[in-house]
Each structure stands twice: as structure tokens, then as C-alpha cells.
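Novice: Got chain A sorted already, so can you dock chain B onto it with the hints?
Top line first, the protein sequences correspond to chains A and B.
What the first sequence shows, in full-length UniProt numbering, is residues 1 to 430, in sequence order.
What the second sequence shows, in full-length UniProt numbering, is residues 1 to 339, in sequence order.
Here are the computed lysine to aspartate or glutamate pairs in the EDC-like style, where the Cα-Cα straight-line distance is at most 20 Å:
1) K332(B) <-> D180(A)
2) K106(B) <-> E151(B)
3) K178(B) <-> E222(B)
4) K275(B) <-> D295(B)
5) K178(B) <-> D322(B)
6) K275(B) <-> D246(A)
7) K178(B) <-> E151(B)
8) K275(B) <-> E247(A)
9) K332(B) <-> E26(B)
Don't read these hints as lab results, they were simulated from the structure.
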Amino acid sequence: MSALRAPGFPEQDVRRRAREGGAAVFPAAGQYGESVFGADATAPRDEIDACRLVPPVSMPRRLEKLIELAREPLYSDVSLESSFGGFDAPFPLYLSALGSTRVAAAGCALARQAGRIGLPMVIGENVAPVGGFRSSGKHLALLERIGAYTEAAQGATGGVVVQQSTEDANAEVWNHVYTDPSVRGLMDSGRLAFELKVGQGAKPGLGGLTMVDEETSRRLGGQYAMERLQAGGQVLRCGSPGTFTDEILRQQVHLMRNNYPRARCWVKLPPARDVAAAAAVAWRAGADAVTVDGAEGGTGWAPGVFLDHVGLPLGECLRRIGVPEGTLLASGRVYDGARAVKVLALGARAVGFGRAALVAVDEDPENGLVRFVESLALEMRLLISALGKYAAGEPGPEDLWSPRESPGAVARDGVTGEPPIRHDKREVFA
Amino acid sequence: MTTQQDFRAMPTPAERAVADVPGPREHLTSPRTQAVLKIQQALVAGARELMAAEGAVELFQPLIGPVTDPGARGAKQVDVDYYGHQYKLMASAILYKQTSLVAFDKVFFIAPNVRLEPLETSSTHRHLAEFHQIDVEFACASRDDAIALAERVVRQAVRKALATQEDALRLIGRDTAKLSAFVEQPFEVLTHAEVLDRLGHPHDPGTEIGWQAEEFISGRAEAPFFIVDYPKGSRGFYDKEDPERPSTLMSFDLIAPESCGEICSGGERESDYVKIVTRMRETGENPAKYGWYLDVVREGIPGSAGFGIGLERLTRWVAGLDSVWQASAYPKVPGVVSP
Numbered sequence: 001m002s003a004l005r006a007p008g009f010p011e012q013d014v015r016r017r018a019r020e021g022g023a024a025v026f027p028a029a030g031q032y033g034e035s036v037f038g039a040d041a042t043a044p045r046d047e048i049d050a051c052r053l054v055p056p057v058s059m060p061r062r063l064e065k066l067i068e069l070a071r072e073p074l075y076s077d078v079s080l081e082s083s084f085g086g087f088d089a090p091f092p093l094y095l096s097a098l099g100s101t102r103v104a105a106a107g108c109a110l111a112r113q114a115g116r117i118g119l120p121m122v123i124g125e126n127v128a129p130v131g132g133f134r135s136s137g138k139h140l141a142l143l144e145r146i147g148a149y150t151e152a153a154q155g156a157t158g159g160v161v162v163q164q165s166t167e168d169a170n171a172e173v174w175n176h177v178y179t180d181p182s183v184r185g186l187m188d189s190g191r192l193a194f195e196l197k198v199g200q201g202a203k204p205g206l207g208g209l210t211m212v213d214e215e216t217s218r219r220l221g222g223q224y225a226m227e228r229l230q231a232g233g234q235v236l237r238c239g240s241p242g243t244f245t246d247e248i249l250r251q252q253v254h255l256m257r258n259n260y261p262r263a264r265c266w267v268k269l270p271p272a273r274d275v276a277a278a279a280a281v282a283w284r285a286g287a288d289a290v291t292v293d294g295a296e297g298g299t300g301w302a303p304g305v306f307l308d309h310v311g312l313p314l315g316e317c318l319r320r321i322g323v324p325e326g327t328l329l330a331s332g333r334v335y336d337g338a339r340a341v342k343v344l345a346l347g348a349r350a351v352g353f354g355r356a357a358l359v360a361v362d363e364d365p366e367n368g369l370v371r372f373v374e375s376l377a378l379e380m381r382l383l384i385s386a387l388g389k390y391a392a393g394e395p396g397p398e399d400l401w402s403p404r405e406s407p408g409a410v411a412r413d414g415v416t417g418e419p420p421i422r423h424d425k426r427e428v429f430a
Numbered sequence: 001m002t003t004q005q006d007f008r009a010m011p012t013p014a015e016r017a018v019a020d021v022p023g024p025r026e027h028l029t030s031p032r033t034q035a036v037l038k039i040q041q042a043l044v045a046g047a048r049e050l051m052a053a054e055g056a057v058e059l060f061q062p063l064i065g066p067v068t069d070p071g072a073r074g075a076k077q078v079d080v081d082y083y084g085h086q087y088k089l090m091a092s093a094i095l096y097k098q099t100s101l102v103a104f105d106k107v108f109f110i111a112p113n114v115r116l117e118p119l120e121t122s123s124t125h126r127h128l129a130e131f132h133q134i135d136v137e138f139a140c141a142s143r144d145d146a147i148a149l150a151e152r153v154v155r156q157a158v159r160k161a162l163a164t165q166e167d168a169l170r171l172i173g174r175d176t177a178k179l180s181a182f183v184e185q186p187f188e189v190l191t192h193a194e195v196l197d198r199l200g201h202p203h204d205p206g207t208e209i210g211w212q213a214e215e216f217i218s219g220r221a222e223a224p225f226f227i228v229d230y231p232k233g234s235r236g237f238y239d240k241e242d243p244e245r246p247s248t249l250m251s252f253d254l255i256a257p258e259s260c261g262e263i264c265s266g267g268e269r270e271s272d273y274v275k276i277v278t279r280m281r282e283t284g285e286n287p288a289k290y291g292w293y294l295d296v297v298r299e300g301i302p303g304s305a306g307f308g309i310g311l312e313r314l315t316r317w318v319a320g321l322d323s324v325w326q327a328s329a330y331p332k333v334p335g336v337v338s339p
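This is chain A alone, in the form it adopts within the complex:
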């Protein structure tokens, strides 16, 4: 365990998962017979956490499964296998974009473990422009991560998604990747995607921010804005957020599909007030997946005021999008199976996590991510089967209850002002 800290994030919970895998889904074994357990008294962090997954008594879907299996179904009968954004994956999970900040130096350890279990992995913007692409035959940051992933990959699931943002276009990140011989295996097996980064959850409206040393600052000074916040310290490298309109977004997606026909096209949206309209533009332009990162999302570096005051919570993003027209992926403070299943129930096809992966691999660089995913998968199977459902795509809004629905609960939780999440899909998403 290193000095990595994740304030405001359930870091200790993730560390335990990274150590214990599925065992972490239950209370510590030593407590058995000596403690009793109830709901956690701590206040929910956001609307998704505040929702509860509520199984019905009457379960026609479980009856179908019973007939199929000729025995009572169990949680182990839940299939988590998923297809999203052009990839097949063993779980409805993917590794969110990790960029070039120092804390993301764990990139290769994560890539190895993600490759091992076939988990789709997004490589963040800035990695190639800041870390370089290739130098005298040596693979630098970006190709190194791709190499770590592909070397560890054992099956045909998963894939690598490479982000590019506005200034990254100068460095031609996608053109580099698309023409590089070392990426050919991924491309030939349909496991390469490019993600257009329109924005991110933790700092919607801002571009990528990274602290760099003096030498890197001099090297990148012509390409990015640099801000020296204090004498003698590190320098803040500021990417621009890029200018988007509906037409610019539409045409950038068209261009991606035109120029990179053998790579899948993903679009990452910030938790913006017009997130639903932007997602529709991207899908209609042909994006294979749209990723929405809620304001709870983590980041390597951001001004505190953005973390506390800017952007829609993930739950509200999903509510505004309603029934997705295309493949919707979502991320934002995902760290356990409950939050993952709730996000699936709100319309996402798969769920991304970033900070949890960093903490897990910090806890154990060899197996932390694998165990963390094992614990999530077990929890998701338990939860989905409890709802009387048996596939990752089956949970829906009918499985959720929001305390906002009940006047008593609203008063108790002190949550006011927002319309409730309602059960009927058609009513909610009309």
C-alpha cells in the first residue's frame, strides 16, 4: 500500500475488496457469531446511493429461469456477460479513463490485470502528448499500457479505448495508434475503440489539468497553456475543453467513423445540463457508445470548487437521458455492486470505475483489481438474482425505490426539491 489517498471516496471498502475479493462482500469472517449487522447509518452520498434496490414477491422471470434450468435458480445463474460499444466483456464493467497525472502511473499494473480478465479499458487523454508516443523503437506511456493489456489478455473479450481531446489532435493520438504495428492484433480482432472526450464528470467545462515539472512544462509550452501557481513548484498544464455545438459533435463523430472504420467510436460526455440532447446527437451520428460521467466522478486534479459546485449528479444525468437510444455507459463514484446495479437499472449498459481501480491496484499491484472485480461481480449476481432477474441487462427502474417518493422519507432524509425517480419506465421517461 502506497501513499495513495482518495478523500471522500470509500477507500477502505475498496482496499478490503482488493485484498479479499468475494469475501469482502460479507462482514469480516472474525465477526461471525460475535456481531449483528444492520443498514449503514451514514447518510447516502447522492440520489443513486439513496435509492434502494427492491425485489418483488411475484417473479415471472424467475419462473422462466426455473423452467429453463429445471431447478430453482440461484445467484450463480446470473449471467454478467455483456456486449457494449463493440466489445464483448465478462461483466457489464469497464475501466474508466485514467490520464497522465502522476497517480495514474499505476496504468500498466491496471492494464495487465484488466487484460487478464478481459475488462475493457479506456486510456485517458494526455497520455501520449505528455508521455510521448514512441521514441527510437521504445514504447512510451500509451503504447506501454496497450502492450501490458494485450500481453496479459487471455481470451477474446475486452478491448482498449483510446481517448483524444482537442490539443491531443495536434499530437495525432488516434492516427498514431491506428497506424502502429503493435496495435494491429487489437484492430484485427475488433477490440480497438477511440473515445472522443467532450468532457468529464469532475470538472465539466474544463479541459484536462495536470501538474508537470519544469522540463515537461518547457517541452509542452507551445502546445498547452501553462500556469505557474507558485514559485518553484510544479506547473499546471491546462488543456482546453474544446468548443462543441451539436453540429461540431455530430461531424466529429462522422469523421471518426470515416477515418477509422476499423475502430469503434465512443463519446464521453460531461454531466452537462443538455446531456440528453448531446447523447442523442452522438448516437444518431453513429457512436457505438456514449459514456456519461456524473459529477461524482473522480479525477487526477481539479479545482475544489468544481468538485463541490459544478455538474449534474449521475442519477440526474441518467434521468434526463431516459430510455437510451443507443448504448449508454455510465461512471461516477462506482465502488460496489449496489451502485453498479442501480446504474444499470437506470439505463446504462455497462458501468465504469476509475478511482476504485486505482485504490485496488494500490492495495495490491498484482491482484487488487482482479479481486475488486470479483467482489463486484459476486455482489451484482446476488443483487440481480434477488430482483428475480438473471442477466446483466435485465434490471430496470421498476427495481428501484427512491426515498423522495415518500413524504415521510423525504422529511427524514432531508432531501427536497427534486422530482422523484418513479417506478414506471414509460411514465418516467416519456
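Specialist: Coordinates of chain B only, in the frame set by chain A:
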């Protein structure tokens, strides 16, 4: 001509063998190579004759600059360290063609280009990482003017080769009567949508015509023909959007018959500063890196139309070659290490 009925049944580039290029001595001493290079020179001479008759000025394209044409699909640009500044080898002459119109109304270049094309193009028979274009731009011209001019250039170039390289064409076994018949008839003009209809199978209406599909329609063509009205999103920011029909570009390609595919791309250009900056964003570009070009555009450049004819592709078609690398003295097939 292919007998395939469905372009989707044709082998994809990834399924084809990479070109087997001989070493430089074997290639250069081959009588076939020598004949092809003479035919190529005749094509250039024919094009220059026509340009002179049109009153165009020949300029020499810079080899390096701070920025180059981003419009090549999936191809990587080549960086050059220019006294500590990151420069690019030219991928096309487009930015210089447009700005040169502040000096002359009609310009052309015989311009070398470098594009590190995706590896899959090593087996398309029609991609080279290093190639030349007969690059033409006329001020105040329309797309129809450019189409008519491209047709005249190709006709004149082929006539010149037929008139002066009869021996070379005979040596490589080209049917000269057939070649002559191809260029002595008017070239048809089809829209992008009409071409997709003729494919008879679904094709994304929002993108360029795929390499296999293009080879397929080329194989069935009776003569060279133009494709117009490519969708926005398939070309660089400099091709003008039709003001009457948003999302449609005033661009064109010239397709050669006999499975050779596209040999020329062009169009009417965007010359308005506001539209160019906006289109740069729509093509994912960062306007900041186009500083010198935008400075010129902001002060005003004439509207124009023009095109670039791929010299090695034109040669391949005229000489009836299997592959475009045979039309270069020192061919660089994408991904193949060569001199």
C-alpha cells in the same frame, strides 16, 4: 473487370497479401519499370501542357511546414524537428494552394506527399506512403469548372502518353485502343447517393465509399466517372459545404475504370474565415496550430476550386498495372521498409 456481384464478398485489405516489392536494382533495371516511368513522364508533360494553355503558374510546394492537410483518413503525419519546432512533412498541398491564390489566379504543383497510411492499406494495390499529385487550384472557379478541368487534364495527359510512348505501352501490353476510347468520351457524373444505390448493398451514407466498394464499382465502370456530393464528415475542413444543401460537400472524386478506383479528389473550397474555423472544429482540429494559414484567410483569400490527381494512381491505370507501387521508381508501400 471483376465478376464479383457483391463487394462484401471481396477480400478485405487485411485478408490480402502485402505487396511483394522487389529490391531497387531488380525494380529499376526491369524493362517494364522503365517503360512505366517513361509513360509517367509523358503524363506529367501532358498535364503541364494543358496547364500552360490554361494560363496556370507552376509553383513548388514546400516540403515541410508547421501544419499540413489533416484530411487523409487514418493516415499519420510525419514530424520533423525544425530548430526545436515540430513541423510536418506535407500530406498534400491544399493549404499552400489556397494561399497561393493571393499571388496568381491559377496555380498548380507537381507535389510530393507523405502519408503514413494504416497498415491495412499495404494490400489495397492503390496506397503508397510517398506519392505525387498533380495539384491544381483556380480562383473564382466552381466545382463544375474544376470537374471539367480535371477531365481535360486527364484527357490531355493520356493523349500525350499515347502519342509519345507507343513503344512503352506496347512493351507492357496495354491495349491502347481501349485506353484511347476511355478518355475520348465525356466522363459521367454520379452523386455519392447514386453510387451507393448501384452497390446494391447497404453502405453507410455518411462516410467515404469503402476501398472494397470503390474497387468494385470501378471494376464495373465503362469509363472514368466523377462522384460528387460527398457527405460532410468524410473530408477535410477546406471542402465547401453546399449552402443550399447542408451536410453535403461540394467535393468530387474521379474514379478510373478497370478496378483502379479513385485517382483524383477535389472540390470547391471554403474561403470564409468563420466557416473555416468552425469546420476545423467539426473535423476535430485545433485551430491554434493553423496560425499562419488562418492569418492569411482572415485577411481574405479568393473562393476557389481545384483538385489533386494521384500521379502514381493515374500511371497505374494508364499503364494497366496490377498495383500502384509499380508506378514508382522507389516505391514505399505502407509499413514495408524500403529505400
